[in-house]
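Based on the sequences and whatever the hints tell you, model everything.
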Amino acid sequence: MATDQAPAGSGAGINWLVSYPKSGNTWMRMLLANYFGETEQAQDINRAGILHGIAASREHFDRALGISSSDLSAAEVAGLRPHVHAHLAAQADRPIWIKVHDAQQAIGDDWLFPPRSSHAVVYLIRHPLDVAVSYAFHTGQSVAGTVDTMCRSDTVIAERSPHQLPQRLGSWSDHVASWVDQAGCPVCVIRYEDMLADPAGQLARAIACGRPGLRIDPLRIAHAVEQSRFDRLQAAEDAHGFRERSEKSPRFFRRGLANAWHEHLNADLERRMRAVHHAMMSRFGYE
Amino acid sequence: MLTGMRLLAEETALREGPTPDALEHPLLVTPLFAIAADAFLLSLPNGLRFHYRKKAGVVCSRSAGISDAEVELFHQGSVYGAVAWLNGLVPLHASAVTHEGRLHAFTGPSGAGKSTLCAALAQRGLPVFADDVLVLDLSDPARPVGLPGHKRLKLWDDALEMTDLDRGQAVRDGLAKYFVAPPLSDLSAPLPLASLTFLDPPSGREASLTDCHGAQRLNRMLSAFYRPRYIEALQPAVERFALAMRLVHQLPTRIFDRPRDRDRFDGNVDVMAAAIRAAGG
Chain U
0 MATDQAPAGS
10 GAGINWLVSY
20 PKSGNTWMRM
30 LLANYFGETE
40 QAQDINRAGI
50 LHGIAASREH
60 FDRALGISSS
70 DLSAAEVAGL
80 RPHVHAHLAA
90 QADRPIWIKV
100 HDAQQAIGDD
110 WLFPPRSSHA
120 VVYLIRHPLD
130 VAVSYAFHTG
140 QSVAGTVDTM
150 CRSDTVIAER
160 SPHQLPQRLG
170 SWSDHVASWV
180 DQAGCPVCVI
190 RYEDMLADPA
200 GQLARAIACG
210 RPGLRIDPLR
220 IAHAVEQSRF
230 DRLQAAEDAH
240 GFRERSEKSP
250 RFFRRGLANA
260 WHEHLNADLE
270 RRMRAVHHAM
280 MSRFGYE
Chain D
0 MLTGMRLLAE
10 ETALREGPTP
20 DALEHPLLVT
30 PLFAIAADAF
40 LLSLPNGLRF
50 HYRKKAGVVC
60 SRSAGISDAE
70 VELFHQGSVY
80 GAVAWLNGLV
90 PLHASAVTHE
100 GRLHAFTGPS
110 GAGKSTLCAA
120 LAQRGLPVFA
130 DDVLVLDLSD
140 PARPVGLPGH
150 KRLKLWDDAL
160 EMTDLDRGQA
170 VRDGLAKYFV
180 APPLSDLSAP
190 LPLASLTFLD
200 PPSGREASLT
210 DCHGAQRLNR
220 MLSAFYRPRY
230 IEALQPAVER
240 FALAMRLVHQ
250 LPTRIFDRPR
260 DRDRFDGNVD
270 VMAAAIRAAG
280 G
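Top line first, the protein sequences correspond to chains U and D. Counting from 0, one number per residue, gives the positions in the first sequence under numbering that gives the first Met the number 0. Counting from 0, one number per residue, gives the positions in the second sequence under numbering that gives the first Met the number 0.
Keep in mind that the hints are not guaranteed to be accurate.
[Unchecked claim] One-sided excerpt, in silico: chain D residues whose CB lies under 7 Å from chain U:
{"#": "1", "residue": "P30"}
{"#": "2", "residue": "L31"}
{"#": "3", "residue": "F32"}
{"#": "4", "residue": "P44"}
{"#": "5", "residue": "L72"}
{"#": "6", "residue": "S77"}
{"#": "7", "residue": "P108"}
{"#": "8", "residue": "S109"}
{"#": "9", "residue": "G110"}
{"#": "10", "residue": "G173"}
{"#": "11", "residue": "R226"}
{"#": "12", "residue": "R228"}
[Claimed, not checked] Quick list of the computed label-pair ranges, beta carbon to beta carbon:
{"#": "13", "chain 1": "D", "residue 1": "D67", "chain 2": "U", "residue 2": "P211", "range": "49 to 57 Å"}
{"#": "14", "chain 1": "D", "residue 1": "T209", "chain 2": "U", "residue 2": "E158", "range": "31 to 39 Å"}
{"#": "15", "chain 1": "D", "residue 1": "N45", "chain 2": "U", "residue 2": "P217", "range": "48 to 56 Å"}
{"#": "16", "chain 1": "D", "residue 1": "K150", "chain 2": "U", "residue 2": "D153", "range": "36 to 44 Å"}
{"#": "17", "chain 1": "D", "residue 1": "D67", "chain 2": "U", "residue 2": "N265", "range": "52 to 60 Å"}
FYI, nobody ran anything at the bench for these hints, they're computed from the structure. Remember, predicted model here, so these are calculated numbers, not experimental data. Ideal placement from N, C-alpha and C gives every residue a C-beta, glycine not left out.
Written out as structure tokens, the structure is:
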């Protein structure tokens, strides 16, 4: 007899590739996909290899539990999600990479992302003022509305999504703290700004965290960085579309710059963000 | 061909009564379901439970406050699919319409838009045959035959807005998902399946309907099986692959990539309706 507690694979666990939205998660996923891809060609942005989608995928949930998540209440879904993660981890014969936007959080006596299902966490962080602008363009919400979203502790995204389960983010600072201060599994924090300055070095750090002991090949790193250049991702989106683009935004890969928030954030909004997130911004070197 | 239809009707017949906490000799146990070679148990968080045993039908037990609509929702979904698998039938995660005596089915994960598309096709004169689960009878080696589904669609409120259909009873309290009578349906008899279309998440491009070729056909067919973990517990991989291979060889398969913006919904449906009519009977 099989159960989700008796792994079909070796139960190697999951590398959670975590970020607040618009913080470099897609770029890092493309870097990893191009590193681990077995060809010299660029990975398809819509079907990148080695990656297993987003943890909040309804498809993961429905498949793992044999029921449609859309027939369950939000509370029922939340209570069952740790079982989905346990199933995905049990299937893996080596650590797999899964994208996450949820905050880590307690679910009854368990964790949403249980340490028993987890191998490591790569947490991608970006200057929250840049996140506010990028996220506003992504969702089509006003910058003021996005700042409010990032400052509220009760923020939940994808509450009405046909493809994703609702995801509780909390405020930007809540989100960061929930992951970087958890002790259940190793965490590697990577700043978006450091990815811009040294993509090869930050990709190597992510690989070392998710696949410790694996010899890192500098030629594959160079290949991955080249194939994942922002202008190449933009060109691929223009040519083939991108399934993660919001209906509210003309393109997903918009600018990808650091410190571009000055053009769109007024003084009041900047003050509010700094007042709410001062401690976490200082901790990660954001002025 | 009535055999498969009668078998499914008899085996899915529902009555209320006591249900066990666990199955004897299960092949797979998960937090919500357990499956054995001749039995299935579904235990929902709200206390609703279904127990099926071959030749004995389906028994459900429920705690106070669980509505008949909730019972119908799960009985016609996960339970229906499990009973089909356990009786040698092949349920697909698909909705289907009929045209000139043949079926055209649409598959994709939950949220792909299967039910909404079928509702809108029915408004264009193509009757609904099955919603969410399309059970195939493969006893005729020459062609897969679909068995008629249930009388009501299940649509979210935004799908009701797009199709301008009337909201029926909520499938569960607190969910904005409703039972809806399709504008046109045809549930009278089994019909041969003429095509299967995979509904892809939107890429952002204009609506396109392309033939599905090569190895991706097989992977897509495997993912079209309804509740893959049920069949993974019941059949070895080699048999599942053989089943998928048979279907991809017998069925034209296509990929429908279409924008999900509401203002382009009618145009997308027109593309699909025209393709079905062009395929003929």
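Hint check results:
{"no.": "1", "hint": "P30", "result": "holds (5 Å)"}
{"no.": "2", "hint": "L31", "result": "holds (5 Å)"}
{"no.": "3", "hint": "F32", "result": "holds (5 Å)"}
{"no.": "4", "hint": "P44", "result": "holds (5 Å)"}
{"no.": "5", "hint": "L72", "result": "holds (6 Å)"}
{"no.": "6", "hint": "S77", "result": "holds (5 Å)"}
{"no.": "7", "hint": "P108", "result": "holds (4 Å)"}
{"no.": "8", "hint": "S109", "result": "holds (5 Å)"}
{"no.": "9", "hint": "G110", "result": "holds (3 Å)"}
{"no.": "10", "hint": "G173", "result": "holds (6 Å)"}
{"no.": "11", "hint": "R226", "result": "holds (5 Å)"}
{"no.": "12", "hint": "R228", "result": "holds (5 Å)"}
{"no.": "13", "hint": "D67/D - P211/U: 49 to 57 Å", "result": "holds (54 Å)"}
{"no.": "14", "hint": "T209/D - E158/U: 31 to 39 Å", "result": "holds (33 Å)"}
{"no.": "15", "hint": "N45/D - P217/U: 48 to 56 Å", "result": "holds (55 Å)"}
{"no.": "16", "hint": "K150/D - D153/U: 36 to 44 Å", "result": "holds (40 Å)"}
{"no.": "17", "hint": "D67/D - N265/U: 52 to 60 Å", "result": "holds (55 Å)"}
Checked against the numbered hints above, the structure breaks none of them.
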